[in-house]
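*Asks:* Take a look at the letters that make up each chain.
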Amino acid sequence: MKNNTELTCNKISKKYTGRRLFKDISLKLVNGNSISVTGENGSGKTTFLKVISGLIQPSSGDVQLLRNNNPVNITNFNDYIGFTGPAVNPYPILNAMENIKFSMKNFSEEKSLNLLEKFNLIEHKNKPVKLFSSGMVQRLRIIIAMINSPDILILDEPGTNLDSKGKDILYSILHDFKNNGILVIATNDIEEKKICSENLELA
Amino acid sequence: MNSIVRCLKKDLLMEFRSKTAFSISFTFSAITTLAISLITSQIKLDENIHSILLWIIIFFSAMNGLSHIFTREEEEGTSLFLMLNHKPESVYLSKLIFNLIYFIILSSIICTMYLFFLQISPSNIHFFIISVFSGSTAIVSITTILGAMVSKAGGKGSLLTAVTFPLLLPVLWTSIKMTESSFKTDVAPYLGNAVFLLAFSGLVICLSYLLFRFIWMEV
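Chains as they are written, first to last, in my numbering: chain A, 1 to 203; chain B, 1 to 219.
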């Protein structure tokens, strides 16, 4: 049965050492919603994603996650959110499969192989990540974000380093995902922005 | 529990492949023990000197190896990946268990080498083992949480030694006294010190478990 998920931000603001990144952002996202977050470099896109993922606290305002109308404690947000970005680095000394096993709550070989196959990494599953190209690492990051079938997928510049084939795979997966889950993408790429039905521009 | 096991497996696998922490600590302890045995070959040392030298080697081996478990996450940029997949409490407990396993193995090797090269033997071997085990547990409990703080502050192992030393003074003093009495034939073993060290470790572990989230997560 599909879960009813609702992510709400109430007037969230974030300041870093006196510098305001964003102020009083309010939004409500439910299943089937998708939003792109755009803005100049340094406008706070990544910080915004970290705040709504519960990874960092906002300076003011609050973030709420409801699952089947039950509030989720902010410390448990990661149980329902798949997050990835350029700063999420898999362990270079471990291979792709070991990194997936490390991330997967209930390991399923079939599901892991299926995702590796989709992203054309199946032949490299036993290769240490330190030998991967940056595009292959990006594919692995996306696999790991999706491996626990999250209700919400939050992606920071997901197309970075991907070739056209990798981007096609990513877009098709994101199109499928956004029909049932909540999708948030921080990007300045026009194609990635087009996937989402709404846009939030950070000044 | 599943999360702790996955984190611990990952750390063991990574250490098994890289052997970074173990080789640093093992090389340090082997060289130091050999140097001491060569320098003191013509001198008969008292039991208290043996005990002090042994704990100095154990202390600096701990400083060389124990912070590595957290600094590696920061150096390789994998701490966000770890943060996303596991709760802070699971991360803390898995790192603590890893450090305990690692340090008890290392302490056993250091003690064996020391007793062999310096050609001494404890009169009460059971009490000697208890003193090394309880002292090592206390060192690990403090070093694990301070290692996390130092790594988050962007510091290296050398900073850990400076930060840890004042906190470890009572632990080292008690451990030295215990080990010294295990070498002596005329002193009855006093288990109160071992109870103190284990209670101290328990308290530090409980406080660290409660506070770790605030050290580990960004604000």
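What the hints contain is simulated information worked out from the structure, not anything from laboratory work. Treat each hint with caution, since some may be false.
To be verified - Reference excerpt, derived from the structure (chain B facing chain A, CB under 7 Å, subset only):
1) Ile4
2) Arg6
3) Leu8
4) Phe16
5) Ser41
6) Lys44
7) Gly77
8) Leu84
As the list claims (entries may be wrong) - Calculated from the model, a selection of chain A residues having no Cβ within reach of chain B, i.e. all distances over 12 Å:
9) Asp79
10) Pro92
11) Lys101
Said to hold, decoys possible - In silico lysine-lysine, DSS-like type, Cα no more than 30 Å apart, as pairs:
12) B/Lys152 with A/Lys105
13) A/Lys105 with B/Lys19
14) A/Lys23 with B/Lys19
15) B/Lys152 with A/Lys28
16) A/Lys28 with A/Lys130
17) A/Lys178 with A/Lys111
18) A/Lys194 with A/Lys165
19) A/Lys130 with B/Lys9
20) A/Lys125 with B/Lys19
Ideal placement from N, C-alpha and C gives every residue a C-beta, glycine not left out.
*Asks:* Any hints from earlier that this structure breaks? Give me their numbers in increasing order, please.
*Replies:* Of the numbered hints given earlier, those the structure breaks are 1, 3, 4, 5, 6, 9, 10, 11, 14, 15 and 16, listed in rising order.
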